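Participant: Next come the chains, spelled out residue by residue.
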Amino acid sequence: MTSLVFAYGSQLWEGTVATVQLALLSLGLSFVIGLAGAAAKLSANRWYSMPATVYTTLIRGVPDLVLMLLLFYSFQDLLNRITDAFKQSQIEIDPFLAGVCVLGLIYGAYFTETFRGAFLAVPRGQLEAAAAFGMTQGQTFRRILFPQMMRFALPGISNNWQVILKATALVSIIGLRDVVRVAQDAITGTVSKGAYYAFLFLLTAALIYLLLAIVSDWFFHILMKRYSVGFR
Amino acid sequence: MMDLIKEYWQQYLWGTEGRPSGMVVTLWLTILSVCLGFMLAIPLSLARVSTNPIISRLTLAYTYLFRGTPLYVQLLLIYTGIYSLHAVRATPLLNYFFRDAFRCTILSFTLNTGAYTTEIFAGAIRATSLGEIEAGRAFGMSTLTLYRRIILPSALRRALPAYSNEVILMLHATTLASTATIADILKVARNAASDYYLPFVAYGIAALLYLVVSFLLVWSFHLAERKWLAHLRPAIKRMG
Chain A
0 MTSLVFAYGS QLWEGTVATV QLALLSLGLS FVIGLAGAAA KLSANRWYSM
50 PATVYTTLIR GVPDLVLMLL LFYSFQDLLN RITDAFKQSQ IEIDPFLAGV
100 CVLGLIYGAY FTETFRGAFL AVPRGQLEAA AAFGMTQGQT FRRILFPQMM
150 RFALPGISNN WQVILKATAL VSIIGLRDVV RVAQDAITGT VSKGAYYAFL
200 FLLTAALIYL LLAIVSDWFF HILMKRYSVG FR
Chain B
0 MMDLIKEYWQ QYLWGTEGRP SGMVVTLWLT ILSVCLGFML AIPLSLARVS
50 TNPIISRLTL AYTYLFRGTP LYVQLLLIYT GIYSLHAVRA TPLLNYFFRD
100 AFRCTILSFT LNTGAYTTEI FAGAIRATSL GEIEAGRAFG MSTLTLYRRI
150 ILPSALRRAL PAYSNEVILM LHATTLASTA TIADILKVAR NAASDYYLPF
200 VAYGIAALLY LVVSFLLVWS FHLAERKWLA HLRPAIKRMG
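Chains as they are written, first to last, in numbering that gives the first Met the number 0: chain A, 0 to 231; chain B, 0 to 239.
These are calculated hints, taken from the structure and not from any lab test. Every value quoted in this text rests on a predicted model; they were computed, and no experiment measured them. Be aware that one or more of the hints could be misleading.
Some, not all, of what chain B presents toward chain A, calculated at C-beta under 10 angstroms [what the hints assert, rightly or not]:
id: 1; residue: Trp27
id: 2; residue: Arg66
id: 3; residue: Val72
id: 4; residue: Leu75
id: 5; residue: Ile167
id: 6; residue: His171
id: 7; residue: Arg189
id: 8; residue: Tyr196
Non-contacting residues of chain A with respect to chain B, defined by C-beta distances greater than 10 angstroms in every case (computed) [stated by the list, open to error]:
id: 9; residue: Tyr47
id: 10; residue: Arg59
id: 11; residue: Thr139
id: 12; residue: Met149
Backbone N, C-alpha and C fix where the C-beta goes; we use that ideal spot for every residue, glycine too.
Take these sequences, add in the hints, and give me the full structure.
Facilitator: The following block contains the structure:
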């Protein structure tokens, strides 16, 4: 029975790699969107703060699966209409790329809120001191705001990462060969041979996610210690 | 677009010909799993803060397992995984329970939200100020009375902001039921999208409906917080 898991072992490994890559790239994208979103939301200029508020409110009010299907299929539909209009062959959107973009866009809204809170937690005096030193906005951000902000943002980042890691499972619904999809394919593959190993494969998939969660917990624990040096 | 709306609007909201679907099913899934999860979380959060390390660790194992794995995998494991076991099919009662998609979905949703809610409540119980407990003890309350009259009412109120977040996340998570053939809002949207080849309209309507329900939930929790957390509001705001 366990030999069967090993038979699908290399595929499960590839699925795991796809899951981790997807999660890391989505994290990177949402991190950047979050920083920009937080800066926009805190801006005194309404032309920046208003769209950012609309973005975070809309995204966080709609389920991630709905957004994923909405964006993926609408964009594919639009692309098909364009290629049809120009009499070109259809272009299939890559599920991995789509997954990164959609997850990045969704969790960018959550990161915007995390970073907004963290920006506000840095004492104003620090920014005034930086201004008094004649630092440019970029320098202030790089040298003063970012290093101090990270301490307040880390619990939120850790939380968002765990959520993104689990949300990647949804991308299998739009066709990515991640851990979940590999497990489901393995089930179909064994059922056609008359065996019912659904429980075993799904349990393996669950354990892989659990392992990833444990490793990330440990990693963030170390990061948290590093950014809290000088406090407590 | 109008054709799609004309044909599907009833299914999006409450269904047709005695077959409920859409918003009604989504709300029913949410209410049922949130209520069952709440009932599960009350005793488990007490077990989680127990001074007995075995009880506390066992509860942690449960919450960690369910918070560390995706709900989608949990649903698949309960819906397809468990039913594939011969022992389950051979037992009439288990066979009856796990054969049905709705029951499996509710079970996995309840176990999942129960795990998150347990940690939220346990956190609030731990954060109860010592003065409240001392005051209760000074009145000669037994541990049971203390929990019933002082710790739980105080902790559940303070847990309200985090709990409202969890309820909204649960509403969003019910979309996974559509993968188990249950006719919630998203399932209707998927049918409509493939029927008319209008994914933007079909999923857009679904997104709008979820948005409306989310806002109503946020608003009602806001009212609940105003009522039950009035004692924790800053003094200046309270006067205004």
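Participant: Which earlier hints turn out false for this structure, listed by number in ascending order?
Facilitator: 1, 10
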